[in-house]
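2 protein chains.
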Amino acid sequence: MRAPAGHLAACALILAVGPASAQTPPGAPTLPSDVLQTVEKLRAAGLADRNGYAILEDLVTRVGSRPAGTAAEARAREWASTMLRAQGFANVRVEPFTTPSWQASREQAEILSPWPQPLVIAALGGSPSTPEGFSGEVVRFTSLEALRAASAEAVRERIVFIDEGMVRTQDGAGYGATVAKRRGCATVARSLGARACLIRSAGTNTDRIAHQGWGATAPQDAQVPSAALAPPDADTLARVLQRSGEPVRVRLDIQARFSPAAPSGNVLAEITGREKPQQIVLAAAHLDSWSLGQGALDDGAGVAIITAAARLINALPVKPRRSIRLLLAGAEEPVNSDSGGNAYRDAHRNESHVAAAESDVGDGRVWRLRSRVSEGALPQLRLLQSQLAPLGVLPGDNQGGGGSDIGPLVATGVPVLAFNQDASRYFDVHHTANDTLDRVRLEDLQQNIAVWAVALYLLAEMDGDLRGSATGN
Amino acid sequence: MRAPAGHLAACALILAVGPASAQTPPGAPTLPSDVLQTVEKLRAAGLADRNGYAILEDLVTRVGSRPAGTAAEARAREWASTMLRAQGFANVRVEPFTTPSWQASREQAEILSPWPQPLVIAALGGSPSTPEGFSGEVVRFTSLEALRAASAEAVRERIVFIDEGMVRTQDGAGYGATVAKRRGCATVARSLGARACLIRSAGTNTDRIAHQGWGATAPQDAQVPSAALAPPDADTLARVLQRSGEPVRVRLDIQARFSPAAPSGNVLAEITGREKPQQIVLAAAHLDSWSLGQGALDDGAGVAIITAAARLINALPVKPRRSIRLLLAGAEEPVNSDSGGNAYRDAHRNESHVAAAESDVGDGRVWRLRSRVSEGALPQLRLLQSQLAPLGVLPGDNQGGGGSDIGPLVATGVPVLAFNQDASRYFDVHHTANDTLDRVRLEDLQQNIAVWAVALYLLAEMDGDLRGSATGN
Numbered sequence: 001m002r003a004p005a006g007h008l009a010a011c012a013l014i015l016a017v018g019p020a021s022a023q024t025p026p027g028a029p030t031l032p033s034d035v036l037q038t039v040e041k042l043r044a045a046g047l048a049d050r051n052g053y054a055i056l057e058d059l060v061t062r063v064g065s066r067p068a069g070t071a072a073e074a075r076a077r078e079w080a081s082t083m084l085r086a087q088g089f090a091n092v093r094v095e096p097f098t099t100p101s102w103q104a105s106r107e108q109a110e111i112l113s114p115w116p117q118p119l120v121i122a123a124l125g126g127s128p129s130t131p132e133g134f135s136g137e138v139v140r141f142t143s144l145e146a147l148r149a150a151s152a153e154a155v156r157e158r159i160v161f162i163d164e165g166m167v168r169t170q171d172g173a174g175y176g177a178t179v180a181k182r183r184g185c186a187t188v189a190r191s192l193g194a195r196a197c198l199i200r201s202a203g204t205n206t207d208r209i210a211h212q213g214w215g216a217t218a219p220q221d222a223q224v225p226s227a228a229l230a231p232p233d234a235d236t237l238a239r240v241l242q243r244s245g246e247p248v249r250v251r252l253d254i255q256a257r258f259s260p261a262a263p264s265g266n267v268l269a270e271i272t273g274r275e276k277p278q279q280i281v282l283a284a285a286h287l288d289s290w291s292l293g294q295g296a297l298d299d300g301a302g303v304a305i306i307t308a309a310a311r312l313i314n315a316l317p318v319k320p321r322r323s324i325r326l327l328l329a330g331a332e333e334p335v336n337s338d339s340g341g342n343a344y345r346d347a348h349r350n351e352s353h354v355a356a357a358e359s360d361v362g363d364g365r366v367w368r369l370r371s372r373v374s375e376g377a378l379p380q381l382r383l384l385q386s387q388l389a390p391l392g393v394l395p396g397d398n399q400g401g402g403g404s405d406i407g408p409l410v411a412t413g414v415p416v417l418a419f420n421q422d423a424s425r426y427f428d429v430h431h432t433a434n435d436t437l438d439r440v441r442l443e444d445l446q447q448n449i450a451v452w453a454v455a456l457y458l459l460a461e462m463d464g465d466l467r468g469s470a471t472g473n
Numbered sequence: 001m002r003a004p005a006g007h008l009a010a011c012a013l014i015l016a017v018g019p020a021s022a023q024t025p026p027g028a029p030t031l032p033s034d035v036l037q038t039v040e041k042l043r044a045a046g047l048a049d050r051n052g053y054a055i056l057e058d059l060v061t062r063v064g065s066r067p068a069g070t071a072a073e074a075r076a077r078e079w080a081s082t083m084l085r086a087q088g089f090a091n092v093r094v095e096p097f098t099t100p101s102w103q104a105s106r107e108q109a110e111i112l113s114p115w116p117q118p119l120v121i122a123a124l125g126g127s128p129s130t131p132e133g134f135s136g137e138v139v140r141f142t143s144l145e146a147l148r149a150a151s152a153e154a155v156r157e158r159i160v161f162i163d164e165g166m167v168r169t170q171d172g173a174g175y176g177a178t179v180a181k182r183r184g185c186a187t188v189a190r191s192l193g194a195r196a197c198l199i200r201s202a203g204t205n206t207d208r209i210a211h212q213g214w215g216a217t218a219p220q221d222a223q224v225p226s227a228a229l230a231p232p233d234a235d236t237l238a239r240v241l242q243r244s245g246e247p248v249r250v251r252l253d254i255q256a257r258f259s260p261a262a263p264s265g266n267v268l269a270e271i272t273g274r275e276k277p278q279q280i281v282l283a284a285a286h287l288d289s290w291s292l293g294q295g296a297l298d299d300g301a302g303v304a305i306i307t308a309a310a311r312l313i314n315a316l317p318v319k320p321r322r323s324i325r326l327l328l329a330g331a332e333e334p335v336n337s338d339s340g341g342n343a344y345r346d347a348h349r350n351e352s353h354v355a356a357a358e359s360d361v362g363d364g365r366v367w368r369l370r371s372r373v374s375e376g377a378l379p380q381l382r383l384l385q386s387q388l389a390p391l392g393v394l395p396g397d398n399q400g401g402g403g404s405d406i407g408p409l410v411a412t413g414v415p416v417l418a419f420n421q422d423a424s425r426y427f428d429v430h431h432t433a434n435d436t437l438d439r440v441r442l443e444d445l446q447q448n449i450a451v452w453a454v455a456l457y458l459l460a461e462m463d464g465d466l467r468g469s470a471t472g473n
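Line by line, the protein sequences are chains A and B. The opening position of the first sequence corresponds to residue 1 in our numbering, with each subsequent residue numbered one higher. The opening position of the second sequence corresponds to residue 1 in our numbering, with each subsequent residue numbered one higher.
Hints listed in this document are in silico derivations from the structure and should not be mistaken for laboratory results. Note that beta-carbon positions come from the ideal geometry of N, C-alpha and C, so glycine has one too. It cannot be assumed that every hint is accurate.
[Claimed, not checked] Interface residues of chain B toward chain A, partial, derived using beta-carbon atoms under 10 Å:
1. Asp-163
2. Asp-207
3. Ala-230
4. Ser-244
5. Arg-439
6. Leu-442
[Claimed, not checked] A few chain A residues that face chain B, going by a derived Cβ cut-off under 8 Å, partial list only:
7. Arg-93
8. Pro-96
9. Phe-97
10. Thr-98
11. Ser-113
12. Thr-206
13. Arg-208
14. Leu-241
15. Ser-424
16. Asn-434
17. Thr-436
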């Protein structure tokens with residue numbers, strides 16, 4: 001669905017031929033030649049980087065999956081602390097907090113009648129366990145809206161099945177549209193007296209692999225067992241319902257544990273600025289993952305991208321003016337908690353953040369830079385974008401937002417950059433067993449590292465900042 | 001890896017422009033014009049067929065997976081009997097026999113140390129259950145040969161891991177090469193004193209899905225627990241072994257049941273020939289499947305192909321001279337038993353079979369016709385091939401063989417046709433959870449149906465047969 005990467009990059013290079021200042025409107029700020037030289041060096045180093053992939057490979061080899069609040073997530077924090085020190089960063093530390101933690105130990109289903117066959121499912125985060133021998137008659141809806149419109153008589157005591165697919169898009173908009181059913185099914189089903197929820201996986205793949213993800217938006221609402229069907233199993237269930245003309249009974253066996261306050265933590269590391277060390281450029285990704293995959297794309301890739309990019313800056317002969325801080329957040333996945341992001345905001349909201357950005361769409365190439373900065377900072381933003389154009393990054397609007405790791409902080413007014421990654425392939429793999437190292441494309445990871453290295457460097461070095469003030473504290 | 005289907009077919013059509021007899025060498029047999037007209041009609045009907053896909057869809061919807069010797073296989077026989085009668089065939093019946101039957105109810109593994117993480121496995125057919133709390137240190141080999149060459153000291157009390165990939169080929173030769181490790185690992189490991197066997201899945205996919213398949217060639221040799229790792233998990237285990245430099249311990253939990261003589265059966269159906277009903281053209285596929293998938297490609301596709309092809313012939317205004325018999329065999333998957341094929345041979349070896357063929361490579365397009373017929377029958381074979389050329393089928397050699405369903409019969413001297421199917425994609429899916437309906441390409445299935453319709457019709461109608469005698473009984 002997207003043009004080949006090499007083609008895009010080549011076009012961008014053609015557009016950007018000549019010094020970047022040639023694109024700069026009159027009166028706009030410019031970059032000194034030594035800064036431009038450093039940017040050029042960082043671009044090339046990013047595109048040739050092997051460190052990021054090695055970091056990712058090490059994470060999935062030594063830790064693998066690392067769900068929030070588990071011993072595996074604690075091992076990921078230890079791994080990250082050791083790795084960040086080895087990469088030469090300053091002030092490496094863990095900031096602990098607690099998180100809701102949910103883990104399934106069994107998730108099985110089968111059609112009992114009229115035509116028995118097993119179904120592949122993944123229990124949704126927050127789902128309670130099923131009672132012994134749990135089964136029910138299935139009633140199918142094509143959307144959450146259709147379920148909302150159903151009569152209680154049609155649903156009561158039944159297992160609700162929302163059979164809605166996901167649209168593949170570059171900007172990931174299909175996920176936002178489909179995740180509503182995952183978040184809403186249990187709550188709506190429960191209000192109508194249903195006994196359980198099944199949804200078609202919120203993803204774009206067709207493998208017999210189900211997508212995990214949190215169910216109801218608040219754990220206290222997830223009072224009916226909920227699970228996602230692998231796409232071929234959703235197909236099968238729909239066909240059995242359609243052609244049998246008889247009641248279809250499904251057995252559901254979910255065993256899960258929920259803990260409202262399990263140990264988690266953020267891992268922080270810094271490059272200390274040479275002139276304004278108290279001013280912070282924040283780069284975030286998350287350490288935790290879902291359980292069935294290895295969290296290679298979600299979000300091992302983000303961890304690798306921001307770390308490798310910062311490492312290139314840390315290796316420069318002169319540190320940039322401002323500080324760069326890496327936030328490897330814990331507990332991003334549990335819904336309605338954003339625990340790592342909340343904990344970071346609570347601990348650091350009084351510090352001086354000049355900008356925040358987050359990497360959390362795997363290895364998808366950055367194709368657009370959106371932002372939310374003050375009007376006064378738009379010239380600086382254009383300057384930054386002009387240096388990303390050779391990497392195939394288009395300018396975007398100024399209505400961007402943060403993800404879960406930086407969202408709580410940017411809600412306090414911190415300028416945000418959103419490096420939009422190509423999400424076309426991401427939701428084939430996101431939250432599934434297929435989120436493994438072999439899915440990662442080195443070349444795409446390298447483009448991300450180059451983008452982040454250039455952006456973090458300029459944000460930390462250039463005159464003025466994205467708050468629209470050249471002299472902010 | 002192969003040219004687009006449309007392109008191939010177009011080339012073949014160009015080569016075959018003009019009446020087929022234009023290709024016929026002088027003195028060779030020819031086909032009467034009414035037969036040629038019927039062939040043309042069957043080709044077109046096959047390429048437009050919807051019945052085959054509907055049969056397959058019905059099988060995976062009403063039955064799904066159907067392992068040999070289980071209640072699901074029995075349901076498949078009932079389904080097949082009903083379906084074959086509804087399709088209008090004569091003499092529909094079940095011929096029962098018994099089969100070795102093996103089923104796993106649990107198949108789990110994890111790396112315990114030094115770096116814990118779960119591993120996705122599928123237990124190999126015939127594997128015994130593991131004792132409670134079973135674990136062992138892993139020792140890796142890159143091939144079965146390397147394991148054979150190992151000293152008992154290096155292997156004793158350990159879990160052997162054969163980390164050998166499969167080469168993707170059009171003719172499926174890669175499978176033959178790699179399946180040796182699946183069949184041989186347990187026997188060799190046991191002889192060296194090892195406690196268990198792990199192999200990289202015998203397949204070409206990279207999904208986090210493991211390939212099932214029978215292990216040791218005789219159940220009595222499968223005395224150590226054996227399992228196949230999903231490809232990303234084989235990668236992970238290899239990396240942990242390589243970079244930890246420490247002993248790597250894996251826990252293995254397999255619970256399985258083996259029954260040496262479970263009920264199975266063949267389902268037969270016929271088109272009775274109008275002139276020589278005692279002469280039989282045998283078309284075979286198998287009804288049973290592995291448990292994790294739906295057996296859509298292996299071998300629901302084969303069942304659909306031969307049934308839909310025969311249905312087109314059965315719908316002709318005049319039946320062909322000889323009889324056509326469909327054999328939907330039971331228990332093809334259990335190793336070293338070929339139970340359906342053996343049972344068929346034992347029951348029918350004294351009948352007059354003029355030819356036998358089998359469809360068991362999913363929906364892969366037929367690209368070549370191999371055979372094993374007497375020298376005297378080669379002119380008939382060339383005539384047959386000339387009528388398949390417009391469908392993109394190349395001539396092959398006369399060294400072909402049968403699969404498991406017809407192998408025992410053709411070993412008694414029955415002429416065999418091998419319609420070589422393109423196996424490039426087949427081993428991505430074969431014996432995995434991904435063997436589901438959505439993997440089946442209607443267009444490829446239709447090409448198979450057209451090939452089989454033309455071939456079965458000509459074998460049943462033409463002067464002379466593949467035994468090299470125009471007057472055989």
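Hint numbers contradicted by this structure: Numbers 1, 6, 7, 8, 9, 10, 11, 14, 15 - these are the hints that the structure violates, sorted from lowest upward.
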